[in-house]
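These protein sequence lines map, in sequence, to chains D and F. With full-length UniProt numbering as the guide, the letters of the first sequence map in order to residues 1 to 399. With full-length UniProt numbering as the guide, the letters of the second sequence map in order to residues 1 to 576.
Hints listed in this document are in silico derivations from the structure and should not be mistaken for laboratory results. Just so you know, even glycine gets a beta-carbon here, dropped at the ideal spot from N, CA and C. Accuracy of the hints is not assured; some may be wrong.
Beta-carbon label-pair distances, calculated as ranges [to be verified]:
id, chain 1, residue 1, chain 2, residue 2, range
1, D, Gly240, F, Asp234, 24 to 34 Å
2, F, Gln208, D, Glu81, 28 to 38 Å
3, F, Thr64, D, Asn101, 20 to 30 Å
4, D, Asp233, F, Glu265, 23 to 33 Å
5, D, Leu86, F, Glu483, 29 to 39 Å
6, F, Gln208, D, Ile208, 29 to 39 Å
7, F, Leu88, D, Met295, 56 to 66 Å
8, F, Arg154, D, Ala347, 48 to 58 Å
9, D, Ala347, F, Pro157, 55 to 65 Å
Straight-line Cα separation of at most 27 Å, BS3-like style, residue types lysine-lysine; simulated pairs [stated by the list, open to error]:
id, chain 1, residue 1, chain 2, residue 2
10, D, Lys334, F, Lys91
11, F, Lys207, D, Lys242
12, F, Lys49, D, Lys189
13, F, Lys82, D, Lys187
14, F, Lys490, F, Lys504
15, D, Lys53, F, Lys214
16, F, Lys295, F, Lys207
17, F, Lys82, D, Lys188
18, F, Lys91, D, Lys161
19, F, Lys82, D, Lys160
20, D, Lys189, F, Lys91
21, F, Lys458, D, Lys340
22, F, Lys225, F, Lys187
23, F, Lys191, F, Lys458
24, D, Lys189, F, Lys63
25, D, Lys343, F, Lys472
26, F, Lys472, D, Lys334
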Amino acid sequence: MSVALEPVGITNLPNQRYKIVSNEGATLNIMLAGESGLGKTTFINTLFQTQLKAHITDSQRFQKPTAKTVQIDIIRAELEEKTFVLNLNIIDTPGFGDNINNRNTWQTIVDFIDEQHQSSLKQETQPNRANKHDLRVHAVLYFIRPTGHTLKPLDIEAMKKIGSRANLIPVIAKADTLTPAEMLEFKKKIRDIIEYQDIRIYSPPIEIDDQAASEHAKQLIESMPFAIIGSEDNVINASGEKVLGRNYPWGVVEVENDLHCDFRKLRSLLLRTNMLDLILSTQELHYETFRTLKMSSTKEKKKSVDGSDDDVAALVDDDDDADKIDERIVNNPKYIEEEKKIKRYFAEQLKAEDERFKQWRSNIQTEKNRLNQDLGNLQKELKQLEEQVKSLKEKKGYK
Amino acid sequence: MARNTSAFLRRRKDIKRGIRFTIMVVGPSGTGKTSFINSILDQNILPHKYQYSNLQPSHSVPKTITYSNLNDPGLDAFEFQKNFDPALANKEPGIAITETSLEIIDEDESKVMLSIIDTPGFGDNLDNEICIQEICNFLEQQFDLALSEETRVRRNPRFVDTRVHACVYFVEPTGHGLRELDIQTMKKLSKYVNILPVIGRSDSFTKQELSDFKRRINQDIERFKIPTFQFAYDEDEDDEDVVEEHTFLSQLQPFAIITSDEEGEVNGVKTRVRRYPWGVIDINDTNVSDFAILKSVLLGSHLQDLKDLTHEFLYEAYRTEKLVSVADLRDEFTDDTQRGTPSMSNLADIANSKSIAQFGKDMKNITNQTSNMNLNSGVPEMIKPKYEMDNNSSILNDEELKSITGGVKPPMPYGSSREHSSSITSNHSHVDAKKMRKISETVPYMLRHESLATKQHKLERLEQRSAMDLAKRAADLEKKAMELKLKEKKLREELAKKEQLEKKLNAMNAAKQAQAQQPVISVGPGSAPGPVPGVGSPLDQSQAFANKSHLNRSSAYSSEEAGDDASFVTGDDQSH
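Excised from the complex, chain D in its bound form (with noise of 0.2 Å):
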């Protein structure tokens, strides 16, 4: 009688993982940048199909002066889909690009992801990191004004900042508003930019083994940059079907049509096929490439202090907080111009006061002469004097 022999059950493993991965559930963070008006809350709202965000209101719109700052608003959100939860951050930035001047405005959105790898590389160093709280931005979509013609320069800037800094998913927003003529024109000519320019941009791993997959991420890769339609309301469409969708009077724009947008595949790129290599892509690639950055820098700056060269934990348990963030604002552009012209002030000013103390000095001198002077009077008078008594005298004694 043979024994049935039963399974080891290493095949057991990825079970086990997949219980452990459902039961703690994963934590996503998106950022959303771009000038205002181009849907970016609409958006987020679509694509989670719920309101996460409400739009601003009539009375909320004039609290602010016209000169913005650029926020940085985030907005945490528990989802749950058939008992697995997504703990969504999503953070927006208003106020971008809505100034005359717009010089720097990216800095905002800049120190905000530097800060969250900063704060990610701290926790780590701790001797208790169980509970680490993550808000590394995994992806940034950048909305781009459907111009039809190029990218601006502010664009172009924000964009090489942000993409050296985590996964840039360009979109182009409110697609209704270019024919499919002028959109496969304003695509190419993005892509052209892109690629000119060296701004490195998120693109899905191309898996070789899985031709399935592979033929979807090229698909994706395509497509890129994403045109999309945001809407928050259901529409009757063409034949009849309650679909999300934008009701104009000449037709009914369909967000979830891929003849219309971009907006599945979008979808797809966020959640459903490559949300795990965001995550991944952030932890590997833009987390390690700032860690390896900071290390090193402090380590030789370490070094140039006092030459020894001892342990790496040693050193960033040392390395004060405060110093770090001294570094970032020594950095910062807008500091630096705050700077200059703070130096500027304070050299006229100086040189104000030195002129002021040398008027103060020639003053004394010529009141220093003038006196001398008059005691020499004085003197040669009272000589004259003396002389004249002396005479007196003389007289007087000859007399």
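Please arrange chain F on chain D, whose structure you already have, making use of the hints.
Relative to the frame of chain D, chain F by itself:
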């Protein structure tokens, strides 16, 4: 009414000569300015951005009037946008002002000489302050030209009025409201031109969104006190049709337009369309787009209104301000210039003897005279006194300006204003023609002087920049030269070493040969010549390389110097 007849007469004469009308389109790139112009003329006149390589015969290329760029003084925003170059896309284009002139002949044989002023580069820079400044300068210059012509004794019969009559400002279809750039631009420009805010590409809005957006824009216009063009009416004076039309139009403002370059047919009617996978838009359909209405307002019903407003209110306000300021300037001038100078002292006397407000009256008086002499209609000029009485203060703030712009309807009855002006005329009838003549002689001079001064300033700035540029390049070149010298030195050293080595080898070889000649110890003869070419060839190479690098350096020098010269020359050309 007398005014109407004379206005009618003037208009008829205008029609005969052709009406000159200037439209300016301002707005961020990609809001549909070019398409708007092409649609309004119903022919594709202007080529689109980056489409200059395949020009159609119907296209006419605009010519640049002026341009300005802070970061790259030689970069003209208009030239820049002709061809698409992804490698240069991150450069700030600056701003240019371009003009296209054409003639339209209507059905009733009236001729309109249309000039279209475009502003490529607006809103595309990181810092857009310069755009507003440049456009304002341009508009002011046109006013100055008209003013200096008007105050001249002998007028140029071929003088072309280049004042801009209407500015169509394209608001980006954000759905939120006006942005800082929009607010500031419209506010600053409204001093010189009638502004019609227009929502470009309004096909991105559903009906509800569009009405929300319009409401928000109107809120912003009110809140920030932006003096835009108003379709005002007077219920008592105007007839019903006008009242009705204007209420309709003012409710419609700001116009939301959809434009297109593509021609097509909808229901058998030839029109322009936008074709989407989900539907076709007919841009002339007033249910979805206000384009047709805006077109008729601009080129039809309100063309003369826009012209009159520009001349009678905006230009008048500017003129008053300018002349008063010129008078003030004189006041200062007299302090250090001797009183003997004929015109200046006279003007100063006038300015001193009366208050500034009264001076303004004097000036008006002069216009009345000059216009009576030179323009065929003196009567419409009578409106001016009314306005000037209202705003004796020389500098207008925005609110006042708004009241002026809004004042298409005459709120004061004509009789009183005419009395007013006649009383003024009698009051100051003693101001003799001689004085006036002197003013008319000096004012154009002052204006020209001012414009020259600004030009000079601009030129100096440009020169400074190019000088800085040059210095930087020179420093770069020097650095390069130093590097090359170092390299050369290194190579020389290597060469010397190699020579030494060679000598040694030769010596060794000689020794070897000497040894080889001795019969007792024999080294393989094949090995002896081996090392000689082996060492020799790299030596040759390095020598060649050294020569080459030398050559390279000199060629690099000459080419870069040539480049410097060229840039310098172009910089000079621009400044002239």
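Tested hints:
1. The hinted window of 24 to 34 Å between D:Gly240 and F:Asp234 is violated, with their beta carbons roughly 52 Å apart.
2. Distance hint check for F:Gln208 and D:Glu81: the Cβ-Cβ separation is about 31 Å, which falls inside the suggested range of 28 to 38 Å.
3. For F:Thr64 paired with D:Asn101, a C-beta distance near 25 Å keeps the hint of 20 to 30 Å intact.
4. Between D:Asp233 and F:Glu265 the C-beta distance comes to about 32 Å, which sits within the given range of 23 to 33 Å.
5. Checked against the hint of 29 to 39 Å, the pair D:Leu86 and F:Glu483 fails, with Cβ atoms roughly 56 Å apart.
6. The hinted window of 29 to 39 Å between F:Gln208 and D:Ile208 is violated, with their beta carbons roughly 49 Å apart.
7. Distance hint check for F:Leu88 and D:Met295: the Cβ-Cβ separation is about 37 Å, which falls outside the suggested range of 56 to 66 Å.
8. Look at F:Arg154 against D:Ala347: about 55 Å separates their beta carbons, and that is inside 48 to 58 Å.
9. Taken as a hint, the range 55 to 65 Å holds for the pair D:Ala347 and F:Pro157, whose Cβ atoms sit roughly 58 Å apart.
10. At roughly 21 Å between alpha-carbon atoms, D:Lys334 and F:Lys91 fall within 27 Å of each other, so this suggested pair holds.
11. A hinted pair counts as satisfied when its Cα atoms are at most 27 Å apart, and F:Lys207 with D:Lys242 qualifies at roughly 19 Å.
12. Among the hinted pairs, F:Lys49 with D:Lys189 is consistent with the structure: their alpha-carbon atoms are about 12 Å apart, no more than 27 Å.
13. Restraint check: the Cα-Cα separation between F:Lys82 and D:Lys187 comes to about 19 Å, which is no more than 27 Å; the hinted pair holds.
14. A distance of roughly 21 Å separates the Cα atoms of F:Lys490 and F:Lys504; the hinted pair therefore holds under the 27 Å criterion.
15. A distance of roughly 23 Å separates the Cα atoms of D:Lys53 and F:Lys214; the hinted pair therefore holds under the 27 Å criterion.
16. As the CA atoms of F:Lys295 and F:Lys207 are separated by approximately 21 Å, the hinted pair is consistent with the 27 Å bound.
17. Annotation: proposed proximity of F:Lys82 to D:Lys188 holds, straight-line Cα distance about 17 Å (limit 27 Å).
18. Using a Cα cut-off of 27 Å, the hinted pair F:Lys91 and D:Lys161 holds, with the two alpha carbons roughly 16 Å apart.
19. In summary, the hint linking F:Lys82 to D:Lys160 is supported, as the alpha carbons are separated by about 25 Å, within the 27 Å threshold.
20. About 15 Å separates the Cα atoms of D:Lys189 and F:Lys91, which keeps this hinted pair within 27 Å; it holds.
21. At roughly 26 Å between alpha-carbon atoms, F:Lys458 and D:Lys340 fall within 27 Å of each other, so this suggested pair holds.
22. This hinted pair checks out: F:Lys225 and F:Lys187 have alpha carbons roughly 8 Å apart, not beyond 27 Å.
23. The hinted pair formed by F:Lys191 and F:Lys458 meets the criterion: a straight-line CA distance of about 23 Å does not exceed 27 Å.
24. Between D:Lys189 and F:Lys63, the direct Cα distance comes to roughly 26 Å. Compliance with the 27 Å bound is thereby established for this hinted pair.
25. Only pairs whose Cα atoms come within 27 Å are accepted, and D:Lys343 paired with F:Lys472 is accepted, the gap being roughly 24 Å.
26. Straight-line distance between C-alpha atoms of F:Lys472 and D:Lys334 comes to about 25 Å, which keeps the hinted pair within the 27 Å bound.
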